[in-house]
Every structure is written in structure tokens, then in C-alpha cells.
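Student: Each chain, letter by letter, is given below.
Protein chains: 2
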Amino acid sequence: MQPLQGIRVIACEHVLAGPYCTLLLADMGAEVIKIEPPGTGDHARGNPPIVENERGERESGYFISLNRNKKSLTLNLKHPRGKEIFLGLIRKADVLVSNFRPGTLAKLGLDDATLRQANPRLIIANISGFGDPEVGGKSPYWQRPCFDIIAQAMGGLMGITGPAGGPPTRVGASIGDIAAGMFAALGIIAALFARERGDAVPQVDVAMVDAVTAILENAIIRCSIAGKSPGPVGNQHPSIAPFDSFACKDGYVVIAGGNERTWQNLCRAMNREDLMNDARFATNADRVTNYPQLKAIIEAWTRERTKAEIIELLVRYDCPVGPVNTVEEVINDPHTLARQMVLELDQPVAGRVKVAGSPVKFSSAAWRAVSPAPLLGQNTGEVLQDLLGMGEQEIQELRMAGIV
Amino acid sequence: MQPLQGIRVIACEHVLAGPYCTLLLADMGAEVIKIEPPGTGDHARGNPPIVENERGERESGYFISLNRNKKSLTLNLKHPRGKEIFLGLIRKADVLVSNFRPGTLAKLGLDDATLRQANPRLIIANISGFGDPEVGGKSPYWQRPCFDIIAQAMGGLMGITGPAGGPPTRVGASIGDIAAGMFAALGIIAALFARERGDAVPQVDVAMVDAVTAILENAIIRCSIAGKSPGPVGNQHPSIAPFDSFACKDGYVVIAGGNERTWQNLCRAMNREDLMNDARFATNADRVTNYPQLKAIIEAWTRERTKAEIIELLVRYDCPVGPVNTVEEVINDPHTLARQMVLELDQPVAGRVKVAGSPVKFSSAAWRAVSPAPLLGQNTGEVLQDLLGMGEQEIQELRMAGIV
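Line order of the protein sequences matches chains E and B. Going by our numbering, the first sequence opens with residue 2, and the numbers climb by one from there. Going by our numbering, the second sequence opens with residue 2, and the numbers climb by one from there.
Mixed in with the good hints there might be a few duds.
Simulated crosslink set (DSS-like; lysine-lysine; CA at most 30 Å straight-line) [said to hold, decoys possible]:
| no. | chain 1 | residue 1 | chain 2 | residue 2 |
| --- | --- | --- | --- | --- |
| 1 | B | Lys355 | E | Lys229 |
| 2 | E | Lys308 | B | Lys139 |
| 3 | E | Lys139 | E | Lys108 |
| 4 | E | Lys296 | E | Lys250 |
| 5 | E | Lys355 | E | Lys72 |
| 6 | B | Lys229 | E | Lys250 |
| 7 | E | Lys308 | E | Lys355 |
| 8 | B | Lys139 | E | Lys355 |
| 9 | B | Lys308 | E | Lys139 |
| 10 | B | Lys308 | B | Lys296 |
| 11 | B | Lys296 | B | Lys250 |
| 12 | E | Lys229 | B | Lys308 |
| 13 | E | Lys84 | E | Lys108 |
| 14 | B | Lys108 | B | Lys84 |
| 15 | B | Lys79 | B | Lys93 |
| 16 | E | Lys355 | B | Lys229 |
| 17 | E | Lys250 | E | Lys229 |
| 18 | E | Lys229 | B | Lys250 |
| 19 | B | Lys108 | B | Lys72 |
| 20 | B | Lys93 | B | Lys72 |
| 21 | B | Lys84 | B | Lys139 |
| 22 | B | Lys229 | E | Lys308 |
| 23 | E | Lys308 | E | Lys229 |
| 24 | E | Lys139 | B | Lys355 |
Hints were generated in silico from the structure; no laboratory data involved. Bear in mind that the values here come from a model prediction, so they are computed numbers and not experimental data.
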């Protein structure tokens with residue numbers, strides 16, 4: 002049995018932060034019903050990569066990777082009958098997740114008070130760029146639109162990422178959205194726990210910019226103590242050496258040989274015991290000071306070898322090492338397979354595709370069949386029938402009227 | 002009342018992934034008792050930045066930023082009496098979090114079966130580089146040491162981060178540790194929820210490399226569909242333009258003006274309505290194709306202005322924009338203040354310092370006084386007395402024997 006089995010989540014979500022949050026909930030066993038506007042659906046359905054089959058049908062890989070294990074229900078929330086159906090679903094739900102700008106649902110007449118009235122036990126969670134002024138504090142920017150790159154920039158992460166002394170660099174995955182989705186999932190499950198114990202049911206509010214600030218590691222206290230902002234430092238560790246990436250014949254490896262034992266093991270592995278007695282590299286402090294020379298020596302050695310050769314050797318000498326994997330290498334790594342970190346989905350249009358698995362492993366959870374990402378409105382009939390007891394004809398009428 | 006109030010967590014943790022996990026739990030109200038080796042403590046207590054006061058006492062900013070709201074108890078787990086005390090604490094706990102290589106506690110005679118026997122309701126959670134072979138799948142690398150840079154490299158994130166066409170780049174915060182800590186916290190709270198409902202008590206296992214793979218966004222499905230690995234793309238969006246960072250007088254801004262409306266608003270804000278009729282930039286596809294020319298035009302404009310000027314103007318024209326904040330700017334941003342995303346701690350040695358706040362905001366949680374990070378063993382006596390009913394003399398004897 003999975004931890005969140007039996008929990009029903011209504012998701013008014015689009016693109017990334019909301020869908021990533023409910024993906025985590027779905028992977029732990031929750032039933033996620035994704036509400037999408039009839040006709041267009043979640044914008045992410047149009048995001049590349051798009052796969053087109055021979056019948057001209059299209060499916061977005063981007064959408065697929067975020068929406069497995071969910072149900073899709075189309076619903077026009079602007080129509081009075083749509084709102085009524087929505088409140089009917091809310092009555093049967095445990096959680097509402099949305100990632101629109103604060104006030105979006107309220108403008109449709111679905112404000113928090115109305116939702117709470119329909120279901121006093123409902124956990125309401127919102128993810129937005131700058132947070133909900135009614136819940137977690139009123140940011141001066143709360144009405145502004147936000148995209149991942151804005152959250153990464155404003156939250157401080159871009160400013161500490163990138164080549165040493167170089168321009169700020171965006172993390173190659175949308176960590177501003179993803180971290181916000183993770184923190185929201187954390188808050189939602191904590192709220193479910195509190196509710197189960199009989200405590201008050203809290204609302205959950207996560208801002209993308211806050212999520213980025215929260216993962217800056219020690220940057221804020223460093224700035225607070227030193228009185229100046231840390232900048233990008235490249236791949237090199239600021240106070241440990243060697244601790245960096247190194248070019249080799251077929252890519253890059255990272256070597257983390259910072260303490261005396263692993264440093265000496267590295268020297269032995271390179272067959273350069275002489276370096277152990279070299280005054281320039283005697284202590285970690287010396288190695289940090291003379292790092293450009295040290296880097297040149299190590300990289301001259303790694304450039305002559307393949308990733309596999311270097312790793313085989315350094316592992317044998319017990320010096321921490323790893324390949325800088327391309328995505329293809331990640332997919333095919335025996336580690337990935339052993340940990341089920343890549344799942345194959347059989348999509349109705351795109352066919353068999355691979356997506357990242359869940360990194361949260363439970364001992365007691367029976368393996369759960371992974372269902373592919375739903376086509377737009379794929380579960381509309383089933384959900385309306387099962388949850389609201391509607392008949393075929395009523396559903397047909399709603400479809401004709403463009404309400405579902 | 003905070004969601005996790007009354008939950009007691011025993012933390013055998015060091016440096017980052019474990020401490021970040023239990024920081025999230027502590028911020029939600031859990032009582033976290035950090036077990037540290039007498040004398041040395043968590044290695045992070047030696048990590049820079051180090052503050053020294055006039056009495057020559059030292060405190061690590063790195064440690065402080067990860068350990069607020071926790072208690073510190075020193076305990077020698079290698080001593081039979083130390084093990085006994087540990088099992089006594091385990092009997093009174095809800096969760097055990099550790100971030101050592103799998104098998105480390107077992108080698109001390111504290112294997113999972115022993116822990117479970119002491120407390121059948123205990124949730125055991127482990128974070129490691131490559132996962133626990135007994136729980137989440139046996140990686141061929143499970144015995145290897147892992148550091149953040151290795152997780153970022155092997156999990157695939159470095160390979161998609163950095164300047165377009167350039168070398169792989171490490172994210173400037175230790176996201177391999179931090180994401181693992183977040184996923185572990187998620188699993189732990191889900192397990193607490195399951196236990197509260199009367200379900201079986203699962204073990205939780207998170208690998209740092211898996212955590213990185215799980216946050217690659219759409220990289221895996223892109224590779225699966227295209228048959229080739231995506232590489233670093235810099236700050237520019239691969240299929241939307243303009244969506245990038247731009248140098249200005251006093252730093253950088255990001256502008257996300259990808260759709261027709263925001264693109265036209267950007268043109269108006271720059272007083273360059275002519276670009277709206279320029280064939281090179283007519284559609285998003287055209288702007289992506291001719292992006293180098295477009296970037297030059299926009300950057301020529303931004304270089305003449307300050308961040309504040311650009312933001313004031315683009316916000317007025319409803320074009321998504323934000324500053325690339327330095328850490329100091331993050332700390333002083335009115336958004337950060339409004340959302341309590343920077344907390345001030347009064348540390349016994351380091352004095353008043355600033356750390357990142359919690360991004361998970363609950364409506365119902367009363368503000369909780371934030372306690373500073375503990376000195377090594379600060380709560381040893383209090384915990385032994387309160388939880389195990391020990392007297393002053395017994396505690397004194399344990400101290401003299403170096404057991405606590």
C-alpha cells in the first residue's frame with residue numbers, strides 16, 4: 002500500500018510547478034484529478050518535444066513527463082454549471098492544488114471561503130511566483146507574472162551559478178518551478194498529517210522565488226558574515242582542492258579528493274607519488290592556493306584517458322570520483338536501472354517513451370503500475386460518473402454545451 | 002500549532018543532506034535531536050565561514066545555516082553504554098534520519114532489525130549517495146562515497162547546465178544534497194501520515210544521484226524522443242525568444258517576453274515599435290531563428306540602463322521581467338522581508354547572523370520562535386533527563402567517561 006492511497010487531489014494546474022507537485026503526490030499513491038480547460042487543456046500540451054503519429058495526432062513529451070499517474074477532466078470553470086461541478090468535486094476531495102496567480106480562482110467565484118464552505122476539511126495549496134498575500138505574507142510583487150528564469154534570478158541562484166568570475170547562469174532544469182512544487186508537496190503532506198491527527202486544517206502557500214532562496218545553501222549566511230555577496234565559482238570548490246571537474250578523452254569526470262587520504266590516493270592512482278612531497282600541494286590550504294598548477298597537472302593526466310578508465314582506477318584507489326553523465330548515459334547507467342529511476346510509459350500517441358522515476362523509495366510500497374499521462378479529458382466521463390453519480394446522457398449534454 | 006508538533010526525530014547526520022532534511026522537519030514543528038560524536042561533532046562545525054569571537058571561541062556559519070531549531074546531544078555510538086542510550090532514545094522517537102553510507106549504523110550493531118525491535122513504530126529514513134540496497138534497489142555503486150558534485154555530475158544536471166556549447170557546470174548551491182534532503186523529508190512525512198492512518202510503517206530511502214535525476218525536468222523524455230542528449234543551453238530558452246538574461250549598467254536582468262502580447266509590450270517599452278513589423282522577429286519562431294540579432298538589439302538597450310530602471314519600465318508595460326539578484330540584494334529585497342524568507346538568529350558565539358527562512362508557509366501555524374543552532378552537546382543533559390529520566394550524577398559520569 003502506498004502512503005497516500007485514498008487521498009484525492011484536485012489540480013488546477015498548468016505547465017510546471019503545480020504539475021510537478023501533484024506528480025510527487027501521484028507517485029506516492031494519491032488520486033490526482035487534473036482539471037483542464039476544454040479544447041486547449043494545460044498549456045504544456047503544446048510544449049516541445051512534440052511527437053506526431055501517422056494519423057497526425059500529437060502528444061507533448063514535456064506534458065507526458067509531468068503527468069503520469071494522473072486523470073484528466075475537462076471543465077469550463079467560467080460556466081456556472083462548470084463551477085457547480087467543480088464544487089461537487091471539491092466536496093469529494095482532500096486537497097486542491099493550484100498554480101495560478103493569487104486571486105485567479107477567486108475571480109471565477111471560487112474564493113477560499115466558498116471552497117472551504119463546500120468542504121471544511123479541504124487542504125488548499127497554492128503555488129505562485131511571489132506567494133499568496135492572504136497566507137504567507139504580502140510581497141510587493143505578488144501580482145506580477147513569474148517564470149522559472151525570473152525565480153532563479155530573483156531568488157539568488159543564478160548569481161552564484163556559472164564559470165568563476167563569469168556571468169550569472171541559469172540552472173539547466175527549471176529548478177525555480179521544481180523546488181516550489183517539492184516544497185508545496187511537503188506542505189500538503191504535512192497538512193494531511195495534521196488533519197489526520199485532528200488538528201486545524203492549514204492552507205499551504207509557496208512562492209517560487211522563496212523556494213529558490215531556500216535552496217541557496219550557505220550563501221545567505223556567508224553574505225551575512227562576510228558583508229559581500231558570493232559570486233559564481235564554476236565547478237571548483239571554494240575551500241577544498243582538488244574538488245572539481247576535469248576534461249578527459251570522451252567527456253568530463255569529477256574528482257573530490259580533498260582530504261589527505263583521498264589526495265594521496267589520487268597521487269598513487271596517477272602514479273605521481275612525487276606530488277605528495279611537493280611543497281606546493283602539501284596541505285589542503287596549499288592545494289587551494291596553488292590550484293591552477295594542480296588543475297593543470299591533474300587535467301593533463303585525465304585528458305589522456307577515458308571516463309571509464311579514470312573511474313575504474315580511482316575507485317580502486319578509493320578516491321571519490323564520478324563521470325559527468327550526459328542524459329543518455331544517465332538513462333543507460335546500471336545504477337539508474339537498479340533504482341528504477343527511469344520509467345517507460347506507453348503513451349497512446351507518442352508510443353513508448355522514457356521519463357524520470359520517483360526518487361522517494363519506500364520499503365513497504367508494493368510496486369504500482371505506472372499509468373501513462375492522460376489525453377485531454379480522457380477521464381472526464383469516468384470521474385463525473387464515479388464521483389458525482391452522473392449518467393451517460395447528462396455527461397453527453399455537458400460535452401455538447403462545451404462545459405466539459 | 003505547527004503540523005509536525007509532537008513528532009520526535011533522532012538525527013544521525015552530518016554536513017548537508019541529512020541536516021537539510023531535518024531542518025525542514027524542524028521548521029514544521031518537529032523536535033529534532035541531533036546525535037553528534039563527543040569532541041568533534043558534525044563535520045560541518047568545521048566548515049567555513051568560521052566566526053571567531055574575542056574569547057577565541059569559534060562557530061561555523063555553514064553549520065548554523067543548517068541546524069536552527071534543533072537540539073544537539075553528544076553520544077559515542079561505539080561504546081556499549083552509548084548504544085544503550087541510543088536505543089533508549091529510539092524507543093521515544095518517531096523517526097530516525099541518517100545520512101551515512103548504507104550499513105554504517107549496522108556496523109555499530111544498530112541494524113534496522115535491532116532498531117525496529119526497540120521501536121516497531123519507528124520510521125527509518127536513510128539518505129546516501131547511491132541508495133540503500135536493502136530498500137530502494139541495489140546500485141552497483143552503493144558502497145562508493147558521494148559528494149554533491151558527484152551527484153550533480155552522475156545524475157545528469159551538470160551536463161545540461163552552463164553556457165551554450167560550453168563545459169558542464171555545477172549548480173552553485175549543493176542541489177544534489179539539498180534535493181535529496183527534500184525528497185527524504187517528503188517520504189518521511191508521507192510515512193508519518195501512513196502510520197497515523199494505521200498502515201504499515203515504511204522505511205524511506207533516498208539516493209542523492211536519484212534526487213538529481215528526478216529534477217532534470219524534461220531532459221530524459223527529450224533524450225528518449227530525440228535519441229540524443231541535450232547539452233547546456235546557457236540562459237536562453239531553447240524554443241522561446243526573448244527569454245534570457247541581459248547585461249545592464251549595474252548587473253543583469255531577465256526578460257521573459259515570449260508570447261506575442263509580451264513581445265509587443267517589450268517593443269513598446271523600448272520605444273521600438275518598429276521591431277513589431279520587422280520580418281526577422283515577426284513570430285516566436287522567427288525570433289528564435291534570428292535570436293543573436295535580437296539579443297544584440299535588446300542588450301544594447303539594457304546596457305544603457307540600470308536594473309531598477311528597466312524593471313520599473315517593463316513592469317509598467319506588463320512584460321515579465323526581474324533582476325538577477327546578488328545574495329545581498331536577495332537579503333534586502335522587500336519581497337524577502339514580507340515573506341520572512343530571511344531569519345535572524347542570535348548565536349552564542351557568532352552573534353547575530355542571517356539565514357534563509359522556510360518557504361513552506363502555512364495559514365494556521367502560529368509564528369514559532371526560532372531557536373539558534375545548538376552548540377555541540379548543548380542539550381545533552383536536558384534530553385537525557387527528560388527522555389530517559391537520568392539524574393545529574395549519572396549524566397556527569399557519562400560525561401567523564403566520554404560517552405556523551
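Student: None of the hints should be skipped; say for each whether it holds.
Tutor: Now the hints, each set against the structure:
{"no.": "1", "hint": "B:Lys355 - E:Lys229", "in the structure": "holds, 13 Å"}
{"no.": "2", "hint": "E:Lys308 - B:Lys139", "in the structure": "holds, 23 Å"}
{"no.": "3", "hint": "E:Lys139 - E:Lys108", "in the structure": "holds, 19 Å"}
{"no.": "4", "hint": "E:Lys296 - E:Lys250", "in the structure": "holds, 16 Å"}
{"no.": "5", "hint": "E:Lys355 - E:Lys72", "in the structure": "holds, 19 Å"}
{"no.": "6", "hint": "B:Lys229 - E:Lys250", "in the structure": "holds, 19 Å"}
{"no.": "7", "hint": "E:Lys308 - E:Lys355", "in the structure": "holds, 25 Å"}
{"no.": "8", "hint": "B:Lys139 - E:Lys355", "in the structure": "holds, 21 Å"}
{"no.": "9", "hint": "B:Lys308 - E:Lys139", "in the structure": "holds, 23 Å"}
{"no.": "10", "hint": "B:Lys308 - B:Lys296", "in the structure": "holds, 17 Å"}
{"no.": "11", "hint": "B:Lys296 - B:Lys250", "in the structure": "holds, 16 Å"}
{"no.": "12", "hint": "E:Lys229 - B:Lys308", "in the structure": "holds, 19 Å"}
{"no.": "13", "hint": "E:Lys84 - E:Lys108", "in the structure": "holds, 12 Å"}
{"no.": "14", "hint": "B:Lys108 - B:Lys84", "in the structure": "holds, 12 Å"}
{"no.": "15", "hint": "B:Lys79 - B:Lys93", "in the structure": "holds, 21 Å"}
{"no.": "16", "hint": "E:Lys355 - B:Lys229", "in the structure": "holds, 13 Å"}
{"no.": "17", "hint": "E:Lys250 - E:Lys229", "in the structure": "violated, 39 Å"}
{"no.": "18", "hint": "E:Lys229 - B:Lys250", "in the structure": "holds, 19 Å"}
{"no.": "19", "hint": "B:Lys108 - B:Lys72", "in the structure": "holds, 25 Å"}
{"no.": "20", "hint": "B:Lys93 - B:Lys72", "in the structure": "holds, 15 Å"}
{"no.": "21", "hint": "B:Lys84 - B:Lys139", "in the structure": "holds, 28 Å"}
{"no.": "22", "hint": "B:Lys229 - E:Lys308", "in the structure": "holds, 19 Å"}
{"no.": "23", "hint": "E:Lys308 - E:Lys229", "in the structure": "violated, 38 Å"}
{"no.": "24", "hint": "E:Lys139 - B:Lys355", "in the structure": "holds, 21 Å"}
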